[in-house]
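Residue numbers (our numbering), protein chains in the order written: chain V, 528 to 989; chain Z, 528 to 989.
Because the hints were derived from the structure by calculation, they are not lab data.
What you are looking at is a predicted structure, and each value in this text was computed from that prediction instead of being measured.
A few of these clues could be false.
Same chains, same label: a pair holds when it works inside one copy or across any pair of copies.
Said to hold, decoys possible - Okay, derived cross-link-like pairs now, EDC-like style, lysine to aspartate or glutamate, Cα gap no bigger than 16 Å in a straight line:
1. 584 - 823
2. 672 - 946
3. 849 - 896
4. 861 - 604
5. 586 - 823
6. 584 - 755
7. 737 - 683
8. 791 - 810
9. 947 - 628
10. 615 - 963
11. 861 - 677
12. 584 - 975
13. 861 - 823
14. 985 - 677
15. 923 - 903
16. 791 - 889
17. 584 - 604
18. 586 - 736
19. 737 - 682
20. 849 - 734
21. 923 - 975
22. 923 - 677
Number of protein chains: 2
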Amino acid sequence: MSLTHQLSTSMISSSSSAFLAPSSFNSRTQNVSVPTSKRMGTCKCVVTPQEQMTAYKTKVSRNANMAKLQAGYLFPEIARRRAAHMLKYPDAQVISLGIGDTTEPIPQVITSAMAKRAHALSTIEGYSGYGAEQGEKPLRAAIAKTFYGDLGIEEDDIFVSDGAKCDISRLQVVFGSNVTMAVQDPSYPAYVDSSVIMGQTEHFQKEFEKYQNIEYMRCNPENGFFPDLSTTGRTDIIFFCSPNNPTGSCATREQLTQLVQFAKNNGSIIVYDSAYAMYISDDNPRSIFEIPGAKEVAIETSSFSKYAGFTGVRLGWTVVPKQLLFSNGFPVAKDFNRIVCTCFNGSSNIAQAGGLACLSPEGLEAMLEVIGFYKENTKIIVDTFTSLGFNVYGGKNAPYVWVHFPGQSSWDVFSQILEKTHVVTTPGSGFGPGGEGFIRVSAFGHRDNILEACKRFKQLYK
Amino acid sequence: MSLTHQLSTSMISSSSSAFLAPSSFNSRTQNVSVPTSKRMGTCKCVVTPQEQMTAYKTKVSRNANMAKLQAGYLFPEIARRRAAHMLKYPDAQVISLGIGDTTEPIPQVITSAMAKRAHALSTIEGYSGYGAEQGEKPLRAAIAKTFYGDLGIEEDDIFVSDGAKCDISRLQVVFGSNVTMAVQDPSYPAYVDSSVIMGQTEHFQKEFEKYQNIEYMRCNPENGFFPDLSTTGRTDIIFFCSPNNPTGSCATREQLTQLVQFAKNNGSIIVYDSAYAMYISDDNPRSIFEIPGAKEVAIETSSFSKYAGFTGVRLGWTVVPKQLLFSNGFPVAKDFNRIVCTCFNGSSNIAQAGGLACLSPEGLEAMLEVIGFYKENTKIIVDTFTSLGFNVYGGKNAPYVWVHFPGQSSWDVFSQILEKTHVVTTPGSGFGPGGEGFIRVSAFGHRDNILEACKRFKQLYK
Chain V
528 MSLTHQLSTS MISSSSSAFL APSSFNSRTQ NVSVPTSKRM GTCKCVVTPQ
578 EQMTAYKTKV SRNANMAKLQ AGYLFPEIAR RRAAHMLKYP DAQVISLGIG
628 DTTEPIPQVI TSAMAKRAHA LSTIEGYSGY GAEQGEKPLR AAIAKTFYGD
678 LGIEEDDIFV SDGAKCDISR LQVVFGSNVT MAVQDPSYPA YVDSSVIMGQ
728 TEHFQKEFEK YQNIEYMRCN PENGFFPDLS TTGRTDIIFF CSPNNPTGSC
778 ATREQLTQLV QFAKNNGSII VYDSAYAMYI SDDNPRSIFE IPGAKEVAIE
828 TSSFSKYAGF TGVRLGWTVV PKQLLFSNGF PVAKDFNRIV CTCFNGSSNI
878 AQAGGLACLS PEGLEAMLEV IGFYKENTKI IVDTFTSLGF NVYGGKNAPY
928 VWVHFPGQSS WDVFSQILEK THVVTTPGSG FGPGGEGFIR VSAFGHRDNI
978 LEACKRFKQL YK
Chain Z
528 MSLTHQLSTS MISSSSSAFL APSSFNSRTQ NVSVPTSKRM GTCKCVVTPQ
578 EQMTAYKTKV SRNANMAKLQ AGYLFPEIAR RRAAHMLKYP DAQVISLGIG
628 DTTEPIPQVI TSAMAKRAHA LSTIEGYSGY GAEQGEKPLR AAIAKTFYGD
678 LGIEEDDIFV SDGAKCDISR LQVVFGSNVT MAVQDPSYPA YVDSSVIMGQ
728 TEHFQKEFEK YQNIEYMRCN PENGFFPDLS TTGRTDIIFF CSPNNPTGSC
778 ATREQLTQLV QFAKNNGSII VYDSAYAMYI SDDNPRSIFE IPGAKEVAIE
828 TSSFSKYAGF TGVRLGWTVV PKQLLFSNGF PVAKDFNRIV CTCFNGSSNI
878 AQAGGLACLS PEGLEAMLEV IGFYKENTKI IVDTFTSLGF NVYGGKNAPY
928 VWVHFPGQSS WDVFSQILEK THVVTTPGSG FGPGGEGFIR VSAFGHRDNI
978 LEACKRFKQL YK
C-alpha cells in the first residue's frame, strides 16, 4: 500500500474529523470539560458564571498600547450598529452608504485573467510557489509605468501588497515606537489606530477626543480642508490622504508643494495615501511624486480596491523611493523591504494576475468606466444634499460626500438617518474630532440604491 | 459626453502614462534629476558619489530595533547566493531543495473553485467587496470541523489569514515590546526576527549567535529534539513548532503534555506552529489542542501552503481560543481581533474559495495525495543520506530532512554542496546556533529533481 494511500485512508476515515489522530487517541477528549450549558441543552455559552470565577489566567500582561485604543475600529463598529438595526427592523430595506465598500462587478477582462492564473496553477508549467515578497516583476513595472510615468519612480521602488491599510501598519512597524506623527483631522482611522498600537502615543484624552502626542491637523471648510502648516508642530511622520477620506477634498499642486516644503524644512516623512487618485477629474496631482523633491521626503501608498472593486480580492502597493533616507543616511526602503520579507509573503499570485490585467489598455478602460459610474453616483448624492440646503463638500474628485450638520453630534445624525431612512452612513466624528458635525456619505452602491437613498434623504429633510 | 467617457478619454490619451495629470503639468518633471550614469550609458547606479555626499536626509531616526537585525532574512539571503551561483555557472542545472517551496500543481478541484469565484466576481450576484476581516464564515467553520473536530475549538476561534508567517507578526504586534519569549533552537527565523523587530530583545551577541533576552531552547539529537524544560527559564511567550521546521522532528503526546504543563505552571502563552501537521503519519498530536487544558495557554497557527501548494496563493489561519486570557483576565482573542481589523483586511476572497474547496471530501483527498507525494520524496532523501552513513533526523512526519555534519560549519557545507552539486539546501545555523553542523534538505521538488539531487549527493559523498 502506498504512503499516499495509507495517509488518505487513515485520515479520511477518521469519524469525527478527516484530519485528527486515529480514534484510539480520541478517548482523551472525554477529559476535556464540556460547558455545562451544552449538557443541559440550554443556550450555548462560552463559560458559566462558576467557570468565570475560577477561569485560569496566564501571567502575560496585556499590551498597554492595545489597552489605549478606544472602542472598536470604526467600521466594524458601524457594522455592529447596522446589524442591530436589522434585528430591530427585520423587514427594512437597509442601504449601506457607510463603510465605502465597492458594489459593482469587476470587469471581465480582469476576472478572466485571475481565473486563467488559477487554472494555470494546476499545470506543471503554470504552477508557481512563493513569489517575490515585493511582488511580481511585471506588475511592479506596470504600476511604475502606469501611475508614475516619467516621475522617476522605478520598478524596484514599488512594493506590491494586499492593500494600503496593511501597508500602513507595516510602515508603522518600520518606524517603531519612538517617532511622532501628524494626521489630518478628520482622517482615515487606520493611521491613528496603528500609531497607538505601535506605542507612539500617550493616552486618549476624552475631553479633546484626541490621543496625546499626535499632531492633529484640522481640516475644515474654513481652511479649504488643507491644514494651516504655520501652526502645525514638527513631527517625524505626516500622514496625508488626497483625495481625502473622509472629506472628499483634493489637495492642489500649490498645497502639496507647500506640504513637501514643510516636510523638507522639518526633516519629516510624508506617508501619502493616494487610494482615490483615479477619482481626480481635474488637474490636481494624482501622486505626491508629481511635486519636485517629494522622493526625498515621501512614501506613497495606494490600492486597486476602489479602482477595480478589489476590496475583497486584496491588492495594493506602496512606493518607497530609494532617495528617502533616515537621519543616519540609511534608506527607508531597505527597512521596509526587510519588514515585507519577514512579516509578509507577498500578495496572492492570483490577485497579482488581476492587477496586471487592470493595467492593460482594456483593463484601464474598464476600471475607468467603473470609476465613472461611482462618480455619477457621487454627483447624485451631492445634488441631493445641495438641493436640501446643506453645505456639501467633497464629491468632485472622490467617491465621498461630506455633509455638514452644524452644531449636531455626528453619531446622533448617523442614528437619526439610520432610524428614519434605514440608510447607513458614517459619522464624521469617527474620523477624529475635526469630523464632528459632519456625515460621510459613500457613493459606492448600485444605482437603484443610491437613487432610493436620496429619495429617502429628501423625505427626511424636505 | 458622459463623465465616464470624459475620464476615459482624458486619462487614456495622456502620452507618457494612462494615469498622470494632463501633459501641461508634465513639464516640471524635467527638473527631476536623472542619475548621471543613465545619461552616460554606463552601469545603472542609484546615486553617484557626488550625489551621495550631498544627499538629503530626513531627521527621522532609524528604528533601533530594525538596526538590531542581523543580515537579511534567511531565505532571501539563500536566494541571493543561489542567484550568484547561477551567474557563476550559467549552464548548471541548479536544483533547489532550500527554501521549502512547493513545486507540484494544485489539484484541479481546488483551482476550479478559485477560477469559479474569480468569474463570479464579474456578476451582480457573485460580486463581493470587503469580507469579514476574520475570514468567511463557511471557511472558518470548515477549518474548525476538519482540523479540530471535537476538540472544542469553535468557528469564531478561527481567524483566516494570508499565511502563518504573517500571523506570527500580527501576534507579536498584539504582544508588544514588553514580553519575553522562548524559541526552539534551531527554529523558523520569523519567530526571532519578529521579536527583534517588536523590541522584545536586546542586541545580538556575536559570540553566542543569540539575541539577549530570548530564551533559546536547544533541540538536538541528544534530547530527541525536545527541549529540557527543567533548565528552561520562564518567558511570557513560547514559540513551538511541531512537526518542526527545520529539524523535521515531531513532538509526542507526552512531550506536548509536558509543554502545556510547563506553560501553565509559568503562566506562559504557547504559540504553536502546526503548519506541517498533515505530514504526520503516526499517532502524534496534529494540534496542540489535543492536549487537555491547552486552550487556556495556547494559540495555534497553520497554513494551506504546504498542504495544497498555496505558498503563492496565500492562505492560512490562527486559532485563538476564547479561553486564553491575559493576566488581567482580558481575552487574547479580543486584542488579536482588533489587530486583524485594524492592520489587515482579510485574505483574498478567491484564495478563501480555494481553502473551502481544500476542505471538501475531494479536496482533502487531493491534498493528501500531494502530501503523500512529498513524503515519498522525503523517504528518498532520508534513504540517500542514511546509505551514505550520515546521521539523518526528521523526514518521518515532516517534509524536511535534517542531516548532521558534525564539527563542520553549516554555511561551509551549504557552499560545498552548492559548488559541487548545484543543489541549494539550507544551512542549519541559519535557524539558530543550535542548527550549526546541520543541513536542512527540503523534500519539496519534482521527483526527477529529487532523484537527480540524490544521485549528485551520492557522487559527492560516496
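We went through each hint and held it up to the structure:
no. : hint      : in the structure
1   : 584 - 823 : between (49 Å within a copy, 7 Å between copies)
2   : 672 - 946 : neither (47 Å within a copy, 39 Å between copies)
3   : 849 - 896 : neither (34 Å within a copy, 45 Å between copies)
4   : 861 - 604 : between (36 Å within a copy, 14 Å between copies)
5   : 586 - 823 : between (45 Å within a copy, 11 Å between copies)
6   : 584 - 755 : neither (49 Å within a copy, 25 Å between copies)
7   : 737 - 683 : neither (38 Å within a copy, 32 Å between copies)
8   : 791 - 810 : neither (24 Å within a copy, 63 Å between copies)
9   : 947 - 628 : neither (22 Å within a copy, 56 Å between copies)
10  : 615 - 963 : neither (27 Å within a copy, 64 Å between copies)
11  : 861 - 677 : neither (23 Å within a copy, 46 Å between copies)
12  : 584 - 975 : neither (52 Å within a copy, 52 Å between copies)
13  : 861 - 823 : within (14 Å within a copy, 39 Å between copies)
14  : 985 - 677 : neither (47 Å within a copy, 54 Å between copies)
15  : 923 - 903 : within (10 Å within a copy, 61 Å between copies)
16  : 791 - 889 : neither (39 Å within a copy, 59 Å between copies)
17  : 584 - 604 : neither (28 Å within a copy, 41 Å between copies)
18  : 586 - 736 : neither (32 Å within a copy, 29 Å between copies)
19  : 737 - 682 : neither (39 Å within a copy, 36 Å between copies)
20  : 849 - 734 : neither (42 Å within a copy, 34 Å between copies)
21  : 923 - 975 : neither (21 Å within a copy, 60 Å between copies)
22  : 923 - 677 : neither (26 Å within a copy, 55 Å between copies)
Hint check: violations occur at hints 2, 3, 6, 7, 8, 9, 10, 11, 12, 14, 16, 17, 18, 19, 20, 21 and 22; the rest are consistent with the structure.
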